[in-house]
Structures are given as C-alpha cells and as structure tokens.
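Student: Top line first, the protein sequences correspond to chains A and B.
With this note's numbering applied, the first sequence corresponds to residues 16 to 221, in that order.
With this note's numbering applied, the second sequence corresponds to residues 35 to 245, in that order.
Simulated from the structure, these hints should not be mistaken for lab results.
Hints may be right or wrong, so weigh each one.
Subject to a maximum C-alpha distance of 30 Å in a straight line, what follows is the list of computed DSS-like cross-link-like pairs (lysine-lysine) [stated by the list, open to error]:
1) A:K128 with A:K138
2) A:K128 with A:K117
3) A:K141 with A:K128
4) A:K20 with B:K94
5) A:K20 with B:K211
6) A:K138 with A:K122
7) A:K104 with A:K138
8) A:K148 with B:K143
9) A:K138 with A:K117
Below are the chains, spelled out letter by letter.
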Amino acid sequence: MGALKGSISYSKHYVRGTLPDDFHDAFVERVRLRAFRPLGPEEDEARIGWCSIENPLDCELDHGKIFFNNYLNLGLRIDRWQIPGPLFKAHFAEAEREHLAKRGRAKLGKSEKEELALRVSRKLRKQLVPVMKTVDLSWNLETGVVRFWTQSPALVETLGEIFDATFGLDLVPESPFTAASRIGLAEVHERTFAVLQPSVFHAPLS
Amino acid sequence: MDLVDLIEKRRFVGREFLVFLWFESELFDGMIPVEGYGTCELRLEGFITLAEGKEQARLKGVAPSGDPEAHQALRQGKLPVQARLRLSAGELEYAFTFNADTLGMAAVKIPAVVKDEADDQFYERMYLVEELESLLAALYAKFIGIRLSTAWDDQVLPAIRAWVRGEATIHPDVYGKLRARVAPLGAVARPKSTPPPAPSVPEIALLRLLG
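Required output: the full structure, derived from the provided sequences and hints.
Tutor: Written as structure tokens, this is what we have:
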C-alpha cells in the first residue's frame, strides 16, 4: 500500500500557511535532520524518521529522492523491537533460574524481575532485527494537499506530528466542513453552512 | 466556533451527502449529470454501513443499497456512514470505499496504470486519484448548492423522505429540471499541476498504426 504501487487508501490533509522562499533547500535540510537512524538494542522506544519513498532502506536523502516535479514525496519509517512471546518467555525462565541459583533464593523481587526482563530483551535484540513499518507521504506543493497513505488514526497522528516538527506547518484534515471551504463558498453561504442543522430523513410528510 | 469544532459539528453533512448520492443514483438509475464531466455513472455496490449512535447495520451484496433492509434502516433513523461506490466518467472507471464522516476514500480501484517506471507510475496514479477527487468534489459542490438553497426544504427533502418510506417520489424529469436550476456553489477544478499521463511507447506505436 503506498503512493507508488499497491492498493490506494489514504487520508487527505491541507497545509495551512505559506511556503518559505527557496523552500527546496530548506526542506531538504529539515528532512535530513529527521531522517531515519537505525534502532539500537539499548533503545526501548520505537525509532521514527524519514526515508526515501522508493526504498525504505535508503535514508540518505537529497533533492532527487524527495522532489518529484511539484510533489514532495517521503516515506516514514518506524522500527520497533518485537520479541516473539514464547522466545522471550523461554530465555527469561532460563535467566531467572540462573539468577536465583547464583543467589540461593526461591523467588525474584518485582524490581529484580523488571531488570532481568530488560536485560533479556536487550540480549535477544542483538540476535534479532527490528520490525519495520513504512507509510508514504505525498505533498502536492502547488495545491497544498498532503496525502498520508494510511487511514490508521495512530499512524495519521504520528505523521501529523513529524510533519509539523519537520516543516513547521499545520495540517487540516479533510472533512465535510473542510471540503466545503475548499470549494470557495461565498461569505453568505459559509455563514449558512456554519449554522446548518441536520435534516431528518425518516420524518413523515408534513 | 473554532476550526476543530466546525469540523466535528459538520460531520453530519457527509452522511447527508451519501444519502443524497444514494437517492440520486436510484432516481436516475445511476446516470447522474456532473458539472464539467457530463453524465457520469454512480452506483452503490458491495456493501453499505448505516448507523445511528452505536447501532449499526452492515449490508453486503451486489447492490445492498437496493435491499429492503437498507431502506428499513433509513426509516429507523440510521444514516449511511460508509459505502462502496462505483463512479465512471467517460472511459475512467473507479471503485472506492467512501467514508461519509471524513469524505475519505479507501481501497480505491483506479483505471489500469500503464507506465513501467516508478516515477511515471506515481504521476499516473496521482493524476487518476486527483481526477477522482475532482469528480467527487463536483458532486459535493452540487449537493452543497442544493442543501443551502430553499429547494432543499421545499422539494428535495420531501422527495427523499418519500423515497425513504418507499412511496412514489418526485419524477426524475421534474427533479432533473429542479436540480439544473440550482447552481453548484464555488468552483471545482482539478489541479493543473499533475498533467495527464503522456502516451507510453506502445501507445504511441498504436496511435501511429491507427494513423
């Protein structure tokens, strides 16, 4: 699923505010500041950053990889550690046995358990690769329409936050109100639209 | 009211828009005039979800909006929140899942993409997506024009209510004339920044063969 191929599902947003002069160079610099960096075994939180829309493994971004004529295209890459439950349980049980035997005790305390779980997780992470998720973003720089190629509310929120942090511009989501505003209603119609009350379709004939 | 309030409190307009599309599609047997596009074909097919509060009715089938259960749900005060639509304009045929509360589109089926290169495929896909959005925007502009006019309360809403009850409603010719009198509001134009895809090499060869 994405801008370049696959099934087409997206959420549409409109950019508020104007683009700065010579935004191309500035945007490339800002995107590079938030480009994806590899997730280390010591990191517990997910790692989020921009990548090439054509290749999520390519995070060395330049003009050619970001600008497609009047579009700004990026991939948002999210890596997180996800250790299979049975694998974690087996390694944790082994570590717990060793720990208790060394200390001649029968049971772990709460904080000991947490510390051991973290140590086991970090050890296992060195043998695994993180789970990767990518979402495409296409921004038509002339019309100010930004499409996130996902409809997941959590991903849309994440994308909105990193978009704001990267470009310093607000996004307004598509909605019946936004669409009516985009049509370019006259002031009188805008006022009428703003106070519109829902119609009742199942009411009897008056 | 701030922007967030306006967005949230006007979501019902999207559901009314979907009722309007459903009504027009049945009244005109799918053939709906669209400003700037001529007569387009619009049909609800695959599935439709109607809701009121937390109560939902999800109907599936070839044309579930024509099922008695769908009209029954409307009579119970439920409104469509999601439906699978098929929309054709000239040679372009689309199918998509339409979300009434957000005007969002999912699982969009666009006409076949013919380009091979990734860049070209992107421009072609965007052209087709923007074309679909413009079509939908033209339908929405027409709906808003009618919804904000006096014709809504005087003629259109009573006609939709009769249709909901399964009674004889307005004649398509009469409705067509009424509809033509109400101008769509604002101006809808497809973005010019994404040009239509240039013919591919095999297409150029074919065009040459055809003279």
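Student: Now tell me if each hint is right for this structure.
Tutor: Hint-by-hint comparison with the structure:
1. The straight-line distance between the Cα atoms of K128 of chain A and K138 of chain A is roughly 15 Å, inside the 30 Å bound, and the hint therefore holds.
2. The hinted pair formed by K128 of chain A and K117 of chain A meets the criterion: a straight-line CA distance of about 15 Å does not exceed 30 Å.
3. Between K141 of chain A and K128 of chain A the CA atoms are separated by roughly 20 Å; this keeps the pair inside 30 Å, and the hint holds.
4. With a CA separation close to 28 Å, the supplied pair K20 of chain A and K94 of chain B stays within the 30 Å bound.
5. A distance of roughly 43 Å separates the Cα atoms of K20 of chain A and K211 of chain B; the hinted pair therefore is violated under the 30 Å criterion.
6. At most 30 Å may separate the alpha-carbon atoms for a hinted pair to count; K138 of chain A and K122 of chain A meet this at roughly 22 Å.
7. Our distance criterion of 30 Å between C-alpha atoms is met by K104 of chain A and K138 of chain A, whose separation comes to about 13 Å.
8. In summary, the hint linking K148 of chain A to K143 of chain B is supported, as the alpha carbons are separated by about 23 Å, within the 30 Å threshold.
9. The hinted pair formed by K138 of chain A and K117 of chain A meets the criterion: a straight-line CA distance of about 19 Å does not exceed 30 Å.
Comparing the model with each earlier hint shows a violation of hint 5 alone; every other hint is respected.
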